[in-house]
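Enquirer: Below are the chains, spelled out letter by letter.
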Amino acid sequence: MGGLEEEKHARYIVSVEKKKDDFEALLIEHLRMNGAYWGLTTLDLLNKIGAIDVDEVVSWVMECQDKDCGGFAGNLGHDPHLLYTLSAVQVLAIVDRIDVLDIGKVSDYVAGLQNDDGSFSGDMWGETDTRFSYCAICCLSLLGRLSKINVEKAVNYIVSCKNLDGGFGSAPGGESHAGQIFCCVGALAITGSLHHVDRDLLGWWLCERQCKDGGLNGRPEKLADVCYSWWVLSSLIMIDRVHWIDKEKLTRFILNCQDKDNGGISDRPDNAVDVFHTYFGVAGLSLMEYPGLKSIDPAYALPVDVLLSSHVPSSYH
Amino acid sequence: MHGRPRKDPRPKDAAAKAAHLHDLQAQLLQNHRNRTYTKEALASCSKLLEINPEVYTPWNYRKLALQHNLDGVTDPDAVKSAIEDELRVVEIALRTNPKSYAAWYHRKWVLGRRLMPVEFEREFRLLDLLLKADQRNFHGWNYRRFVAKLKNVPDEEELKFTKKMIDTNFSNYSAWHNRSALLSHLLKKKSQGFDSKKNTLTEEYELVHDALFTDQSDQSGWFYHLWLLDQTVCLDDPQLISSWPTHKSDLILSKSNKIDGYQLFPSSNSSSFSLLHTGTFPIILYFNKAVKNIDSSTVSVSSLFVTNEDLNWRPLSTNNSGEACCWVTFLTVPEENCSSSTSYPVEVCLDRYKDIVSSNVSDCKNPSKFTFTVTFRSHSLEQTSKESVEENVVWNYVDICNPQESPCLMSFDQLSINGDHAGEGFKWNLQILSNEIELFREFNDEDSKFVKLTLARLLVAHDLMVPNGSHNHIKSHSGEVLTLYDDLMKLDPSHKRYYEDEQSMVLMDQLTSDKDSLIKHCWQFDEPTSSSFHRQYCLRLNDLSLTRIGSVKNILWVQMLDLSHNKLHSVEGLEALQLLACLNLSNNQISSFTALEPLKLLSSLRVLDVSFNMIGAHTIDTTRYLCSSPLSHTLDAKQLNVGYEKETTEVCDRWEVTLLFRALRLTQLDIKGNAVLNEKFSVLATELLPSLKWLDGKRVR
Numbered sequence: 001m002g003g004l005e006e007e008k009h010a011r012y013i014v015s016v017e018k019k020k021d022d023f024e025a026l027l028i029e030h031l032r033m034n035g036a037y038w039g040l041t042t043l044d045l046l047n048k049i050g051a052i053d054v055d056e057v058v059s060w061v062m063e064c065q066d067k068d069c070g071g072f073a074g075n076l077g078h079d080p081h082l083l084y085t086l087s088a089v090q091v092l093a094i095v096d097r098i099d100v101l102d103i104g105k106v107s108d109y110v111a112g113l114q115n116d117d118g119s120f121s122g123d124m125w126g127e128t129d130t131r132f133s134y135c136a137i138c139c140l141s142l143l144g145r146l147s148k149i150n151v152e153k154a155v156n157y158i159v160s161c162k163n164l165d166g167g168f169g170s171a172p173g174g175e176s177h178a179g180q181i182f183c184c185v186g187a188l189a190i191t192g193s194l195h196h197v198d199r200d201l202l203g204w205w206l207c208e209r210q211c212k213d214g215g216l217n218g219r220p221e222k223l224a225d226v227c228y229s230w231w232v233l234s235s236l237i238m239i240d241r242v243h244w245i246d247k248e249k250l251t252r253f254i255l256n257c258q259d260k261d262n263g264g265i266s267d268r269p270d271n272a273v274d275v276f277h278t279y280f281g282v283a284g285l286s287l288m289e290y291p292g293l294k295s296i297d298p299a300y301a302l303p304v305d306v307l308l309s310s311h312v313p314s315s316y317h
Numbered sequence: 001m002h003g004r005p006r007k008d009p010r011p012k013d014a015a016a017k018a019a020h021l022h023d024l025q026a027q028l029l030q031n032h033r034n035r036t037y038t039k040e041a042l043a044s045c046s047k048l049l050e051i052n053p054e055v056y057t058p059w060n061y062r063k064l065a066l067q068h069n070l071d072g073v074t075d076p077d078a079v080k081s082a083i084e085d086e087l088r089v090v091e092i093a094l095r096t097n098p099k100s101y102a103a104w105y106h107r108k109w110v111l112g113r114r115l116m117p118v119e120f121e122r123e124f125r126l127l128d129l130l131l132k133a134d135q136r137n138f139h140g141w142n143y144r145r146f147v148a149k150l151k152n153v154p155d156e157e158e159l160k161f162t163k164k165m166i167d168t169n170f171s172n173y174s175a176w177h178n179r180s181a182l183l184s185h186l187l188k189k190k191s192q193g194f195d196s197k198k199n200t201l202t203e204e205y206e207l208v209h210d211a212l213f214t215d216q217s218d219q220s221g222w223f224y225h226l227w228l229l230d231q232t233v234c235l236d237d238p239q240l241i242s243s244w245p246t247h248k249s250d251l252i253l254s255k256s257n258k259i260d261g262y263q264l265f266p267s268s269n270s271s272s273f274s275l276l277h278t279g280t281f282p283i284i285l286y287f288n289k290a291v292k293n294i295d296s297s298t299v300s301v302s303s304l305f306v307t308n309e310d311l312n313w314r315p316l317s318t319n320n321s322g323e324a325c326c327w328v329t330f331l332t333v334p335e336e337n338c339s340s341s342t343s344y345p346v347e348v349c350l351d352r353y354k355d356i357v358s359s360n361v362s363d364c365k366n367p368s369k370f371t372f373t374v375t376f377r378s379h380s381l382e383q384t385s386k387e388s389v390e391e392n393v394v395w396n397y398v399d400i401c402n403p404q405e406s407p408c409l410m411s412f413d414q415l416s417i418n419g420d421h422a423g424e425g426f427k428w429n430l431q432i433l434s435n436e437i438e439l440f441r442e443f444n445d446e447d448s449k450f451v452k453l454t455l456a457r458l459l460v461a462h463d464l465m466v467p468n469g470s471h472n473h474i475k476s477h478s479g480e481v482l483t484l485y486d487d488l489m490k491l492d493p494s495h496k497r498y499y500e501d502e503q504s505m506v507l508m509d510q511l512t513s514d515k516d517s518l519i520k521h522c523w524q525f526d527e528p529t530s531s532s533f534h535r536q537y538c539l540r541l542n543d544l545s546l547t548r549i550g551s552v553k554n555i556l557w558v559q560m561l562d563l564s565h566n567k568l569h570s571v572e573g574l575e576a577l578q579l580l581a582c583l584n585l586s587n588n589q590i591s592s593f594t595a596l597e598p599l600k601l602l603s604s605l606r607v608l609d610v611s612f613n614m615i616g617a618h619t620i621d622t623t624r625y626l627c628s629s630p631l632s633h634t635l636d637a638k639q640l641n642v643g644y645e646k647e648t649t650e651v652c653d654r655w656e657v658t659l660l661f662r663a664l665r666l667t668q669l670d671i672k673g674n675a676v677l678n679e680k681f682s683v684l685a686t687e688l689l690p691s692l693k694w695l696d697g698k699r700v701r
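Residue numbers (full-length UniProt numbering), protein chains in the order written: chain F, 1 to 317; chain D, 1 to 701.
Isolated chain D (complex conformation):
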């Protein structure tokens, strides 16, 4: 019941009307039960539907009656008259309620039976009437698509109709929607007149500008503009945009006897990077969009010490789709190679790149490859490795300073294909973007949130198409974008946290995509303590008001990451950081264990600080359906039953915490300052994390 005033005076004949309706309904149900399909019975049914079109059983009854009454009838006039009756009842019902699902379907059902040729004129007339009365009636639009399909009306014709509706009234989201759907069909088919995406899009931009600048507060055109922007920048085919190890890098591996220890050494030479984890290291591929079919047949890894076929590639995603932006495989170096000090070249090549596809079934168009070398060092590390894993890592920075030299492992310009982004093929796209940017900058002095938001999006899209590395003369616009989002938060405080999230992504990009800026956030311990963790570079992105993670492709090399004192409520994206050993997420806004799901994919993670967050503080879990759980059929409930002791089951979010901790191999966990804690939690944590040595600064094993 919509739009009826609360203090609606009852009409005097209310009781009589109710009694009449009651009788009609009772009659209908009786006729239905008795299968009475006489003229009188059908007439009474029509009266009922005129008053109450949405009640579904009478429509079913009419279908049965039609089937019954036309059974064996060959006289075309009799058929025609019966069909006419049905179409008329629908029209009468729609007059009472033009949004009646049941009435609309009845018409589709009757026409769909093709008992007589469809009078298309009549159907389009009916539609004109209804869409004139309510331009946004989505039943009407659905029905129009149905009739157009039945008549085989070409998409081009229907496109003209959307133009006609838009010209009548710019504020018609339904028409814009239909236009976007029709156009993307036509563009995909490269139909005549739509074979140049550039020309089509240019015309559409002109059309939508008229709408946007007629009424800047109307949403309809803005959503359409966003779609055009997406069409302008979208690179259909997936591309490899980052990797670890990076192209032309030198890796120095050192072997120690520790089974599960992590020993890391600052390398002597600034173009190399070293790590060791029981002779195993990852190769990470990062694509611009989620792809599938990464395996040893599509990607080949050539080196002297591994057999490509033995490599197992894994998508880094928290769902079961088999698709991800980021893929990893682990190379294990055979014992005999570890003692030599030869350098081994490794080549990674996307061999059958055409088989690597994204969810929109576009395949990779470019072959990509990168090479790096691995050098084995046999020198002993005993003096640092002895206590390393035993020690509680304290995140204080008293002893650290910015390193003299850069960590040298950033992935700038590492892939030879990168330069092609801004190649000839993208000239017109960039030209359109520049024109739009210019236009919206002109209008930006007016306080329209959509102008500002669109300008911000255009600038981000522009920067994305022109990576810093390849075109140094074009400055990044991130400063301007950050200011736009600041303005938006003031202009439209209801959506503040949307703007914060967008701003956070831009800020992350600004901090990490430029070598000079990144170096300011890289720290190294001045006087290394005995802990091996303190010997690596720590990327400190703390206290920056970040709300979400972005641009991980730029920091795939990170092993120690400090994200404390931000406003993070999500850690999505961190799953790509396969080298990450120490992570500080303290003093953020993470509100559940399920929100930490991406950490399950970090096989190197040993030290985790999630203290002073909001885990357990909320009754509604916003990430429950984004992680494996029995509720989404991504986890067999029986798997949960493998038990722990009864007395530890008093913790809230039990199954989530069980699943998370079982997947982690932490030696150190800091979790104090969260609502979830009670005295039993530490027992549970210790039980679920057999490798745990330190919990909230206390030694547990």
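Looking at chain F on its own, in the form it has when it is part of the complex:
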């Protein structure tokens, strides 16, 4: 079966950037900011970020910022949204250029989206979802401005989305879903609130996501998909239950989803690759300590060295 095709994946990611005009690329044109985050993080984990023109990245990111409200759009001409504001901040953190931001303005935008019940809207139109709670909390933490929101209310809202199977949904009453669980557990981790999680109950639900083929699914009785390698693994690590799954089988599943000819990783073996799954595959392998990869932090979804340089006094790294 062979190992991870580091070189090919790095080449694939750089090449995707250049294919802007085919149909598939156009469908996701509006979330290019997420794409930039997935691509750059993957390159960094593969130790191949040197090929990137940092100034070009930074100036494009800053062009996506809404000059009035301070939030970031998914691409030029689109509207600002929390999903892309977090990605923008993460991208700037990876290239170590947070200093270009007007931190007060960006953090005001994020903090301004908190609702009375502690939840967060994704943008001015008011859709609420625990995904946005994560985006806001992670983003403000990276900016060192968590104090701008009511953290206690934010945590209580997330806890109100906890289900009887130990997992979390998008809103109170919503069904548990591994992606949503990552968001809620991640937000609780960043705010030092993991005591709200029933770690044994959730841990069992999460470890039962491992299917016969070794891959992980996102909900019971669903097919395995490489992206859940990230959502499930990171959640299991944060609650110290990652040993409950079979890492060898999962590693094999991810490696089997590689396009060995042209690079990139797909959702399942022999499917079409994309940047999203390439990132989640590589990040999943990093969480399983695959040799040669940088370590990624399970809560902030950033390479550990990037995170430490922003959160821990310099004498420690």
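There may be inaccurate statements among the hints.
Chain F regions said to be covered by chain D (calculated; three or more residues, Cβ under 8 angstroms) [unchecked claim]:
| no. | stretch |
| --- | --- |
| 1 | 77 to 90 |
| 2 | 119 to 128 |
| 3 | 202 to 211 |
Partial pick of chain D residues on the chain F-facing surface, computed with a CB cut under 10 angstroms [to be verified]:
| no. | residue |
| --- | --- |
| 4 | R6 |
| 5 | A102 |
| 6 | Y105 |
| 7 | H177 |
| 8 | T214 |
| 9 | Q216 |
| 10 | S220 |
| 11 | S629 |
Read the hints as simulated data drawn from the structure, not as lab findings.
Positions of the beta carbon are idealized from the N, C-alpha and C atoms, including for glycine.
Model the placement of chain D on the given structure of chain F, informed by the hints.
Expert: Below, chain D alone, put in the same frame as chain F:
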């Protein structure tokens, strides 16, 4: 992009399709920028959303357009037609992508504005169609909850809907989930028809049995069954289940002149226990679940030598929640009392027990109290105390044997409230459990992992409701459970370590909850050496393949604990052992300093052996977010900066090791055989542990 084959042949018109999409997107962004909200512009936007429903900006644009076009419009038909247009665009978009977040939200937004009465018939029809196409579409289920709330549909009605979906297909986790959420509301409210938890649960067990035995490998019903089990056994209100000192125990305290020494004496009489630590001893309360509000107003300690108000109760937990299963306070005996040899009674009483609440806001329902006596002995201990703290403790057992008498300090039957666990109120719960156990035993010959796992859980739950002490005639099932987990490891090797962890908890319980079994693991030095540590009972739970700690409530009295040669990767739970002075964790699988965080709470710990573990061997730290750290905002990064010398900063896991060692008052540390070690480590350890005398068997001070 999901489920698209890698070798998908490009359709011939791919280029034309792409160009069309490109034009529509460009047009949309232009109209958005120019605030053009004409019919043509909206039609072009609709075409775009039909192809690409997930792109969010066009939906925002439509909201602006609707607001703009309806501004000042009073004609109800015009309003209706505009709303109709929006609802139709959503329906078309959902046909392309029924999981489009943006499309679903647009519909909620439009209806939520209440510009016209909601046609609920239509919404439920749409939902029926979508949930027929995909029974698990969680957007659909979310939307159903939204519409039901908008229409004020009673929970009872929605519950019937979940039943209908389950009857169509047992394998519908979404329906089971919604059922569990609705039922727990109804049970909590005690709505009509749901006022008897017993009846409701009995019916639900019947429903889920049908699902379970139709397809034993389908997960949906099993998770629901686990929830029912939890509902059956859960005691909502917190209870005090263990304490130290135990009820009716006699404590003998002896005073010596050593400042920080620990002198311990085997007592002359088998019902007493003695210790001394500068005239201070702990009172430990252990509850069945994490509680808050333990302080001198909710718990009173009455004795001649302390003022209750001076007592400071502390939760034993590694987080900042202010909640814990285990709470401690320290009593300091005034100098003048130490010389007398009178016995002083001490009474600990949960006075305002209703103010003691758990995280689900249930309060204690029962008053609890316990009493013990303290006797002071003034005899001199000089001959043993002289060198005691100076000596390196060696964990060899050449000179030790099982004690003649039991250490007599175990906490069996110590609390008068214990017997109520199995009282009248729990009869039906136990009956349900027994029925389930019987049922699953019948099916256990088939090799279904869920049958075995559920049976194991049922048996554990049963044993938990019937504590050994109160109902001796009912035998513990731990032997059967251990065998079930052995089977499971073979049957489902991918989850082996989950079963090991579960098995470990059962094994710990088996070893510690029965006096006869515990005594086999208690050792005492035959011929005491000069070290004071060797004069106490040592609990040896070594070489048992334990992977995690359980049942600490049974061993609160332990001062010397040997857990070496197990497979421990976590020491959670040990924080309750407030008397622990010597701990041997060598030859386990502890992989980081953060995993040792619970030890920070052990103020009596002096001797620690963590040699031959895996500290520093992993790049991913699985306990980083469970301990205080700047990453989780539970520690101010500035606090870390209080320094040590530059040349010692070459050790990995630096901040974690700094935080851990600063909190410990060790005199002896064994840490060899870990990946973290390098030549600078010993300098760092000595620096961070000012009281350290011995490091890896070598004298450092």
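Enquirer: State the violated hints by number, sorted upward, taking the hints as numbered earlier in the document.
Expert: Structure breaks hints 8 and 9.
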